[in-house]
Amino acid sequence: MRKKNKDLESSAQINQIKPSTNILFNVIFLVLGLTCIFPLLFVFSISITSEEALRSGGYQIIPAELSAAAYQFLWNERAMIFRAVFMSIVVTVIGTVITIALVTTMGYVVSRRSFKLKGIYTWIIFIPMIFNGGMLSSYVVVNNILGLRDTIWALIFPLACSSFSVTICRTFFRTTVPDAIVESAKIDGAGQLRIWAQIVLPISKPVMATIGMFAAFGYWNDWFQASMYLDDKRLQTLQSLLNNVQKGIEYMANNPYGGLSMQEYKAAMPTESVRMAIAIVIIVPIALTYPFFQKYFISGLTIGSVKE
Amino acid sequence: MKTDKMLHGKGKGPRKRWTRDDTELFLLSLPTLLWYAIFAYLPMFGIIIAFKVYKLQPGGHGFIYNLLHSDWAGFSNFSFFFSSNAFTMLLKNTVLYNIAFIIISATVAVGGALMLSNMRNKGASKVYQTMMFLPYFMSWVVIAYFVYAILTPERGYLNGILKSFGVDPIMWFQEAKYWPFILVLLNTWKGMGYGMVLYLASITGIDQSMYEAAVMDGATKWQQTVHITLPSIKPVFIMMLILDCGKIFNSDFGLFYQVTGGIPRSLYTTVSTFDTFIYQAIRTPGTPIGRTAAASFFQAICSCTTILIANWVVRKIDNENSLI
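Protein chains in written order, with our numbering: chain Y, 2 to 309; chain D, 333 to 656.
Be aware that a few hints might be false.
[Claimed, not checked] Here are the simulated DSS-like cross-link-like pairs (lysine-lysine), alpha carbons at most 30 Å apart as the crow flies:
1. Y:K296 to D:K454
2. D:K458 to Y:K296
3. Y:K187 to D:K458
4. D:K579 to D:K509
5. D:K454 to D:K553
6. D:K566 to D:K579
7. Y:K296 to D:K566
8. D:K566 to D:K648
9. Y:K117 to Y:K19
10. D:K458 to D:K348
11. D:K509 to D:K424
12. D:K424 to D:K648
13. Y:K19 to D:K454
14. D:K553 to Y:K296
15. D:K579 to Y:K19
16. D:K648 to Y:K296
17. D:K458 to D:K387
18. D:K458 to Y:K19
19. Y:K117 to D:K553
20. D:K454 to D:K566
21. Y:K206 to Y:K187
22. D:K509 to D:K495
23. Y:K119 to D:K648
24. D:K579 to Y:K119
25. Y:K296 to Y:K206
26. D:K348 to Y:K119
27. D:K553 to D:K424
28. Y:K206 to D:K458
29. D:K454 to Y:K206
30. Y:K19 to D:K509
Hints listed in this document are in silico derivations from the structure and should not be mistaken for laboratory results.
For reference, chain Y alone in the conformation it holds in the complex (with noise of 0.2 Å):
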């Protein structure tokens, strides 16, 4: 009876790996995955240590010696943190916005079949995806001929639309929008406008927050538009922030605030471990938001990733 039992389960996991390369799986991923998540503790640990344990001890996992001098100083710099803040924020948002609308109604208009432009959107959307002028002709645009600079449209527009995106949004409409409920909404008298208000945007909720999810994380970790077009401080993202405090931590020294002498300022600031703060000021929201979103990401390169 036993033995019986025994035999069942084994033809159910038959078609298993061994126990014993199952553990090795799972001693392998599990080593690959801590290597994602130890910097992120790492930086975690060096902003809580106090800067006397930095200078002496080095970096070290397990903070010598604890201190929030760090927050603290992120806290008395709250006008230029937050700030940073605030236009990540309003450029995430602004941009996400402007990207789904770009994108789904694009994405709607190649996907029917009867649209007598067609062919040529096709192509107009191709080939971008081969072919593009290259990082100084985009500078060039942006800032000679529309004179985008020191505005935040140069970190919005040039991100706001792609290829690919409108692609993914294609194939979802193609299956989710049959043509004929276009077709049978037309002869209810509807025209497109009304169609898409109000059968394409409802259904459209998943492709949405597939090209939003892509949008706003490409918007948050952007620091190269804000490189490129940014010389008004008073516009710095949190990622242009970190960028420049990369550059020397002198940057902030010399920028004061707070209404301190250079002098002064220079020595109240715990430098390295304010880097790292800024850092996990950063990441700290993606780190939060992205698990959930992760099936969206995967819903898109799926879809992403079906020919026709």
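Position chain D relative to chain Y; hints supplied.
Using the frame of chain Y, we list chain D on its own:
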């Protein structure tokens, strides 16, 4: 594109009249069309800069006016770029790094996905996936901080370990020989979660009855992998490969520029790529814009050519999986 032609006969058929429908769809797409015109197509005309000696014209006109009234340079901007010392170095670095990235990332992604799909404890597998996805969501600026914390000579983690073993500390940011490995490692590390999850998604989509049939025939796990799983993920693999080939003359700017701390002198010839070169040229006042444009244009042309060649090769071997 092919299917549409087949559906509509010889591609022409009876000509449909322009309807109100078309007008409305056109209006709906107009904002995006404008975006494409300005941010995707207008830069393409930027190639003209590469053939000009850009000079400010008297009268305070705009950029386009100045450009159109500047003298033609023929190919002199290109010949300057090709004959400069930087050119071969940039070409070699960009292409070799990319080849290493493509091979290693693809191997890790496919291998990892195969392992994850075979794991018995699915819950743990989900946790590992989430952990490994984290670096994908971090910008290179943030990762540059991680690298700094680990590698900085005086206080860095790695030198601390070396010191405790009695080994002399290494000036990581000045020793060029370590950087190819560091960059490949970081690139793999950042992309592995994404790659594994991408392939895992296509592995989960495989029809399970194929495996059941294989088990009936007594196929081992390894045989199932080789004869069912790998062939099933081939389309995705090839598509990723073509796209990667298209990027072979581009580089992940943040990786090369931020992580190295803005490319110190000692690392210049080891970690410079076309993108860092062009970026530095843009940021250096007084660099003739035509020469930068030549470098930029050369890069764009190469990318376009490689993606078309990769697609052509795939189409010759296996028509179904080609991109275009």
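| Indices of hints not satisfied (ascending) | When the structure is compared with the hints, numbers 3, 9, 10, 15, 16, 17, 19, 27, 30 turn out to be violated.
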